[in-house]
Amino acid sequence: MRNLRRAAALAAVSLSLCAAGLVFAPSAAAAQDDCPDEHLCVWANGTYSGPPTWKSTTELYDLYSPSGLSIVNNTTDDLRFKVVYRYVPRETWVIGCLYTPPGANAHAWAMNSPLTLSWTQLGVLC
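All residue numbers for the sequence shown refer to this note's numbering, where the first residue is 26 and numbers rise by one.
It is worth saying that the hints were derived from the structure and are not from the lab. Just to be clear, a hint being listed does not mean it is correct.
Here are the simulated distance ranges between beta carbons [said to hold, decoys possible]: (1) Thr83 with Val119: 17 to 25 Å; (2) Glu63 with Ala129: 14 to 22 Å; (3) Asp102 with Asn137: 31 to 39 Å; (4) Pro76 with Pro114: 31 to 39 Å; (5) Pro126 with Thr78: 27 to 35 Å; (6) Leu150 with Thr72: 12 to 20 Å; (7) Tyr86 with Tyr124: 18 to 26 Å; (8) Trp79 with Asn137: 17 to 25 Å; (9) Cys151 with Val109: 13 to 21 Å; (10) Asp62 with Tyr112: 15 to 23 Å.
Treat the numbers as computed from the prediction; the structure is a model and nothing was measured. Ideal Cβ positions, reconstructed from N, Cα and C, are used throughout, including at glycine.
Please put together the full structure from these sequences, using the hints given.
What follows is the structure, given as structure tokens:
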């Protein structure tokens with residue numbers, strides 16, 4: 026009976042600590058808010074953690090991240106982009122679009138392989 030109470034108490038403490046961690050952890054939306062209006066922002070991680078690694082009011086090219094990439098488009102134009110994934114010994118790529126807010130203006134790749142944002146094009150019809 027004593028072991029059962031101890032296990033229940035430990036479970037309650039663990040749940041409380043997990044809940045507190047979720048409350049105090051920064052949300053991706055909060056980090057996305059670090060991207061100013063009229064800017065294109067890129068993080069060199071897949072979780073929007075910390076301040077943006079690169080910010081620009083124009084197009085961006087050849088941005089490398091060893092693991093993960095996040096993009097937010099807060100400009101007044103739609104954005105087309107190309108991201109290259111490098112899986113040794115090969116690579117693949119994707120071309121996508123991000124729209125102006127309040128549309129789908131953000132995307133993240135959380136992975137443990139190198140990525141390169143090859144290019145961005147603002148004002149291109151997607």
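Tested hints:
no.: 1; hint: Thr83 with Val119: 17 to 25 Å; verdict: holds (22 Å)
no.: 2; hint: Glu63 with Ala129: 14 to 22 Å; verdict: holds (18 Å)
no.: 3; hint: Asp102 with Asn137: 31 to 39 Å; verdict: holds (32 Å)
no.: 4; hint: Pro76 with Pro114: 31 to 39 Å; verdict: holds (34 Å)
no.: 5; hint: Pro126 with Thr78: 27 to 35 Å; verdict: violated (21 Å)
no.: 6; hint: Leu150 with Thr72: 12 to 20 Å; verdict: violated (30 Å)
no.: 7; hint: Tyr86 with Tyr124: 18 to 26 Å; verdict: holds (21 Å)
no.: 8; hint: Trp79 with Asn137: 17 to 25 Å; verdict: holds (21 Å)
no.: 9; hint: Cys151 with Val109: 13 to 21 Å; verdict: holds (19 Å)
no.: 10; hint: Asp62 with Tyr112: 15 to 23 Å; verdict: violated (36 Å)
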